[in-house]
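Read off the chains here:
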Amino acid sequence: MSPNEWMIAGMGIFVLVCAVAVIFSRSPIYGAFGLVLCFFGMAGLFLAWSSPFLAMIQVLISTGAVVVLFVFVVMLLNLGHGSGGGVAGWVTVLFASGGIWTLSLVLLRALNRSPFYPAPSGAQGAGGLRAFSKLLFTDYLWPFEVLSVFLLAVVVATYVVARPEAGNVARKENR
Amino acid sequence: MGAIGTGALYWTHYIAISLIALGLIGFLIRRNAVVVLMCLELMLQGVNLLFLEASVRTGTPDGILMVVLIITVGAAEAAVGLGIILNLFRLKGTVELDAFRSLQG
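Order-wise, the sequence lines are chains A and B.
All residue numbers for the first sequence refer to our numbering, where the first residue is 1 and numbers rise by one.
All residue numbers for the second sequence refer to our numbering, where the first residue is 176 and numbers rise by one.
If you are wondering where the hints come from, they were derived from the structure by calculation, not from laboratory data.
By construction, the Cβ of each residue, glycine as well, lies at the ideal position given by its N, Cα and C atoms.
Please note that a few of the clues may not be correct.
DEER-style ranges, computed between Cβ atoms [claimed, not checked]: (1) B:Arg265 / A:Pro52: 39 to 49 Å; (2) B:Glu271 / A:Thr138: 44 to 54 Å; (3) A:Gly99 / B:Ile245: 40 to 50 Å; (4) A:Leu94 / B:Glu271: 17 to 27 Å.
If we take Cβ atoms under 8 Å as the criterion, some of the chain A residues that face chain B in the derived model are [said to hold, decoys possible]: (5) Val22; (6) Ser25; (7) Val66; (8) Val73; (9) Val93.
Produce the complete structure using the sequences and hints provided.
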């Protein structure tokens with residue numbers, strides 16, 4: 001096994017352990033900590049897959065923006081111990097887990113035998129940042145522009161949904 | 176970085192699909208709305224890993240581009256979702272999903 005494969009295996013186990021910690025966290029703030037570690041593990045996996053740019057993006061956006069947002073909301077709503085929300089009944093847990101793992105095994109089998117993958121002797125790399133940027137501003141220019149408009153809409157929508165008056169109006173209508 | 180053997184490819188499949196499955200299980204069994212959103216993020220990470228693996232394997236940067244787009248959309252989704260949760264908390268005083276039954280009829 002090459003050092004790269006060791007890194008992929010180790011980081012993968014780390015990510016999965018952190019994901020389990022997120023799911024079974026007693027308090028949402030522990031879930032957020034698990035999510036941070038999980039995102040860092042994913043950045044390590046991206047590094048092992050020879051794309052340092054993605055690893056950097058992952059740390060900046062996922063860890064720096066998304067998880068901070070989660071932590072802010074947990075602090076704002078004061079969701080400490082006792083507000084973990086628990087887990088659904090054990091029948092639901094059993095059937096959900098069994099069904100989903102079965103589905104995943106089917107998916108895995110299909111994926112490993114997919115003709116889409118040419119079964120290479122080794123990965124050849126994705127072409128680096130230069131090829132990526134060229135593609136972004138030629139073939140994928142339309143999705144890129146749509147995404148920028150989408151982000152603008154998200155900014156406005158988040159403000160409209162989360163402003164204090166919105167809650168008051170909804171509460172009045174609820175009465 | 177050195178060459179990546181075929182063993183690593185299969186492990187990446189296992190990791191990615193386990194991540195998606197774990198996220199889906201958490202999404203179904205948890206009752207806290209904030210944790211449910213975190214599980215959504217976990218599922219997005221699994222999809223990212225599959226895209227990256229396919230991209231590196233076929234030698235084209237398209238998958239990496241999809242990963243960047245997914246990360247962007249994921250961040251936006253978290254922002255809107257948390258805004259909605261804030262509003263729901265103002266409405267009912269809790270983030271337990273069982274408390275929101277207004278649409279049940």
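Status of each hint after checking the structure:
no., hint, verdict
1, B:Arg265 / A:Pro52: 39 to 49 Å, "holds, 42 Å"
2, B:Glu271 / A:Thr138: 44 to 54 Å, "holds, 48 Å"
3, A:Gly99 / B:Ile245: 40 to 50 Å, "violated, 25 Å"
4, A:Leu94 / B:Glu271: 17 to 27 Å, "holds, 22 Å"
5, Val22, "holds, 5 Å"
6, Ser25, "holds, 7 Å"
7, Val66, "holds, 5 Å"
8, Val73, "holds, 5 Å"
9, Val93, "holds, 5 Å"
Checked against the numbered hints above, the structure breaks only hint 3 and satisfies the rest.
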